[in-house]
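Protein sequence lines, in the order shown, are assigned to chains U and S.
Counting from 1, one number per residue, gives the positions in the first sequence under my numbering.
Counting from 303, one number per residue, gives the positions in the second sequence under my numbering.
Some clues are possibly wrong.
[Stated by the list, open to error] Quick list of in silico lysine to any residue cross-link-like pairs, SDA-like style, CA-CA up to 25 Å:
no., chain 1, residue 1, chain 2, residue 2
1, S, Lys306, U, Ala252
2, S, Lys361, U, Ser274
3, S, Lys306, S, Ile370
4, U, Lys114, S, Glu343
5, U, Lys96, U, Ser128
6, U, Lys167, S, His318
7, U, Lys275, S, Ile370
8, U, Lys239, S, Phe305
9, S, Lys361, U, Val276
10, U, Lys25, S, Arg400
11, S, Lys403, S, Gln389
12, S, Lys333, S, Ile370
13, S, Lys327, S, Asn362
[Claimed, not checked] Among the chain S residues that face chain U by a calculated CB cut under 7 Å, a handful are:
no., residue
14, Pro310
15, Arg338
16, Ala341
17, Val342
18, Gly345
19, Asn349
20, Asn373
21, Leu383
22, Gln386
23, Gln389
[Claimed, not checked] Quick partial rundown of chain S residues pointing at chain U, CB under 7 Å, derived from the structure:
no., residue
24, His308
25, Gln309
26, Asn347
27, Ile409
Derived by calculation from the structure, the hints in this document are not laboratory data.
Even for Gly, the Cβ is constructed at its ideal location relative to N, Cα and C.
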Amino acid sequence: MITINNLDFSYKNVAVFKNISLEFKEGNVYGLLGENGVGKTTMLKIISGLQFPKNGTCVVDDFIPSERNPYFLQNIFYLPEEVITEDTTPEKFINKIGVFYPRYDYAYFLNLMKELEVDPSRKFNAMSYGQKKKSLLACALSLRTDYLLLDEPTNGLDIPSKALFRKVILQHCVSTDLADSHVSACGQNSTSDTCGGRVPTIIISTHQVKDVENLIDPIVILDHEEVLLNATFEEISSKLYFDYGSEKSDEALYTEMIPGGYINVLQNKYGMESKVNVEALFNAVRNNKKVVRDIFAVGCEQ
Amino acid sequence: MEFKSHQPIYLQIYFHICEMILNDKFKVGEKIMSVREMAVEVGVNPNTVMRSYELLQSKNIVINQRGIGFNVAENAKEIILEEQKKQFIEEELPEIIRKMKLFGISIEEVLKNS
Numbered sequence: 001m002i003t004i005n006n007l008d009f010s011y012k013n014v015a016v017f018k019n020i021s022l023e024f025k026e027g028n029v030y031g032l033l034g035e036n037g038v039g040k041t042t043m044l045k046i047i048s049g050l051q052f053p054k055n056g057t058c059v060v061d062d063f064i065p066s067e068r069n070p071y072f073l074q075n076i077f078y079l080p081e082e083v084i085t086e087d088t089t090p091e092k093f094i095n096k097i098g099v100f101y102p103r104y105d106y107a108y109f110l111n112l113m114k115e116l117e118v119d120p121s122r123k124f125n126a127m128s129y130g131q132k133k134k135s136l137l138a139c140a141l142s143l144r145t146d147y148l149l150l151d152e153p154t155n156g157l158d159i160p161s162k163a164l165f166r167k168v169i170l171q172h173c174v175s176t177d178l179a180d181s182h183v184s185a186c187g188q189n190s191t192s193d194t195c196g197g198r199v200p201t202i203i204i205s206t207h208q209v210k211d212v213e214n215l216i217d218p219i220v221i222l223d224h225e226e227v228l229l230n231a232t233f234e235e236i237s238s239k240l241y242f243d244y245g246s247e248k249s250d251e252a253l254y255t256e257m258i259p260g261g262y263i264n265v266l267q268n269k270y271g272m273e274s275k276v277n278v279e280a281l282f283n284a285v286r287n288n289k290k291v292v293r294d295i296f297a298v299g300c301e302q
Numbered sequence: 303m304e305f306k307s308h309q310p311i312y313l314q315i316y317f318h319i320c321e322m323i324l325n326d327k328f329k330v331g332e333k334i335m336s337v338r339e340m341a342v343e344v345g346v347n348p349n350t351v352m353r354s355y356e357l358l359q360s361k362n363i364v365i366n367q368r369g370i371g372f373n374v375a376e377n378a379k380e381i382i383l384e385e386q387k388k389q390f391i392e393e394e395l396p397e398i399i400r401k402m403k404l405f406g407i408s409i410e411e412v413l414k415n416s
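Please model the entire structure based on the sequences and the hints provided.
Here it is as C-alpha cells:
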C-alpha cells in the first residue's frame, strides 16, 4: 500500500503538488493519467525515493521512500520513460542490476525477451527505440519487485508490441499470484520457484489511454494541485453513464463525436450500466472538476 | 477477444463465457478457467473478469468451489437459455415487431421465409 498525505512538492519556485493526498492499494494495476506537466513522473519519482517531498508524507508499506532503506529499494522499481543508451546488452545490464533484487529471476527475463521478440545479447545502441523499451520492460518485470512504476511504457511500441505489452503485464500479475497460492494444480505454470512475493502493485503513467484501457483499474487522474479522480471502473460506471447515441445530450458533462454518433458522459442517475470510455472520462473530469468531485464524493472514501 | 463499443466489458466477458458453456467449450460439471487465466486470455484487468465471474455465480451458472475454482453448474445451460430467451422476448422482439409493422410484414410471411 502506498499512502500519500498532504504532500507538497516544487522544483525551485515552481510548485508541482500542493497538499495532495492519495492512496494506491495493493495488488492493482493503476492507471495514472493527467495532462502534460501535472507531475505524473514526479509522483512516480517521489514514490520510488528519487525525489523528496517538501512537506507531507509518502509511505510505502512501512517505509518512507526518501530514507532510501535498502529493504525498501530492493522491492520497488521505477522504469523511466527515457531509455538508457549505455554501451551494453540487456542480459549484461540485467545481471548487473539484478544482484540488488532478491527475487530477480534470470530465466523469467529470458522468457520475457523471447515473448517480446528482442535479442538479449544485442547491444542497446544497435536497437530501435521500441526494442529498447521492450528490453527494459523485460528487465523491470524480471526483478519481481512488489512495486513496479512504469512511466509511459507503451510510447514508441508498434501495434503488435502493444498487445504483447498488455499480455506480459497481465501474465506477470498472474504468475506471482500462482506461485504464491497454495493451489498446487495451478503452480506448475510458474517458471520459477524463487518468487515468494505478493501480487505486484503496478502503476502505469500514460497518455496512450487506448493502449491500456482494459489493463488498468483503478484510474487516478492528477491535476496541478489536486487528485481529480481515484476510482475503480466499477465505481466510475456506477457514478457516470456513458451514452453512445445519435444525439448530443444537454445534460452531458462532456460530449464527443465518434464514428456513427456521439458519446455523452452523464451523471448516472438511474443506476444504468455502460462501458467506460477512458478518453471521454478524462475530458469529462477535466472540464468539470468540481461537479465530478461532488459526484464521486459520496461513498468513495478510501 | 474483440470488444463491442457500448456494452460494459465485464458483461461482454460474461456473455462470452455463457456462449462457451452453450458450445461445450466449458463442460457442465467441469472447472472453467481461473479469473487470472481468463484475464490473460482476453487481455483484461483481473478485477473486470472477477465481476463477470461474480455475475455468473450470482445467477448460479457457475459454482465457486473454494480453493479449487469455478465449476459449471449442472443446469447452467438451462439457466443461460432461459435468460437469453427472456432477453429476446423483452428487448429484441419488440424491435422486430416494430419493424414488421413498419414494413407491413405478416407472421405468415415470416414463417414462409424461415
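For each hint, the structure was consulted:
Distance restraint check for Lys306 of chain S and Ala252 of chain U: the Cα-Cα separation of roughly 22 Å lies within the 25 Å cut-off, and the hinted pair is therefore satisfied. Note on Lys361 of chain S and Ser274 of chain U: the hinted pairing holds, with a Cα-Cα distance of about 20 Å set against a maximum of 25 Å. The hinted pair formed by Lys306 of chain S and Ile370 of chain S fails the criterion: a straight-line CA distance of about 32 Å is larger than 25 Å. Distance hint between Lys114 of chain U and Glu343 of chain S is fulfilled; the C-alpha atoms sit about 19 Å from each other, no more than 25 Å.
At most 25 Å may separate the alpha-carbon atoms for a hinted pair to count; Lys96 of chain U and Ser128 of chain U meet this at roughly 22 Å. For a cut-off of 25 Å, the pair hint linking Lys167 of chain U to His318 of chain S stands: about 19 Å separates their Cα positions. The straight-line distance between the Cα atoms of Lys275 of chain U and Ile370 of chain S is roughly 31 Å, outside the 25 Å bound, and the hint therefore fails. For the suggested pair Lys239 of chain U and Phe305 of chain S, the alpha carbons sit about 22 Å apart, so the restraint of at most 25 Å is met.
At most 25 Å may separate the alpha-carbon atoms for a hinted pair to count; Lys361 of chain S and Val276 of chain U meet this at roughly 24 Å. Only pairs whose Cα atoms come within 25 Å are accepted, and Lys25 of chain U paired with Arg400 of chain S is rejected, the gap being roughly 50 Å. Under the criterion of a C-alpha separation no larger than 25 Å, the hint pairing Lys403 of chain S with Gln389 of chain S is consistent with the structure, at around 21 Å. A threshold of 25 Å between alpha carbons decides the hint, and for Lys333 of chain S with Ile370 of chain S the separation of about 9 Å falls inside it, so the pair holds.
Between Lys327 of chain S and Asn362 of chain S the alpha-carbon distance is near 18 Å, which keeps this suggested pair within the 25 Å criterion. The beta carbon of Pro310 of chain S is positioned within 7 Å of a beta carbon in chain U (closest approach about 5 Å), and the interface hint is therefore held. Nearest Cβ of chain U to the Cβ of Arg338 of chain S: about 4 Å, under the 7 Å cut. The hint holds. Look at Ala341 of chain S: its Cβ gets to within about 5 Å of chain U, closer than 7 Å, so that hint holds up.
Using the Cβ-Cβ criterion of 7 Å, the hint placing Val342 of chain S at the interface with chain U is satisfied: the shortest such distance is roughly 5 Å. At about 5 Å, the closest approach between the beta carbon of Gly345 of chain S and any beta carbon in chain U falls short of 7 Å, and the interface hint on this residue holds. The interface hint given for Asn349 of chain S is met, as the beta carbon of that residue sits about 5 Å from the closest beta carbon of chain U, less than 7 Å. Using the Cβ-Cβ criterion of 7 Å, the hint placing Asn373 of chain S at the interface with chain U is not satisfied: the shortest such distance is roughly 13 Å.
The criterion of a C-beta within 7 Å of any C-beta in chain U is not met by Leu383 of chain S, whose closest approach is roughly 22 Å, and the hint is violated. Using the Cβ-Cβ criterion of 7 Å, the hint placing Gln386 of chain S at the interface with chain U is not satisfied: the shortest such distance is roughly 17 Å. Against a cut-off of 7 Å between C-beta atoms, the interface hint on Gln389 of chain S is violated, since the closest Cβ of chain U lies about 14 Å away. A least Cβ separation of about 5 Å between His308 of chain S and chain U falls short of the 7 Å threshold, and the interface hint therefore holds.
The beta carbon of Gln309 of chain S comes within 6 Å of a beta carbon in chain U, closer than 7 Å, and the hint placing it at the interface holds. The closest approach between the C-beta of Asn347 of chain S and any C-beta of chain U is roughly 4 Å, which is under the 7 Å cut-off, so the hint is satisfied. With a least beta-carbon distance of about 31 Å to chain U, the hint placing Ile409 of chain S at the interface is violated under the 7 Å criterion.
Taken one by one, the earlier hints fail for this structure at numbers 3, 7, 10, 20, 21, 22, 23 and 27, listed in ascending order.
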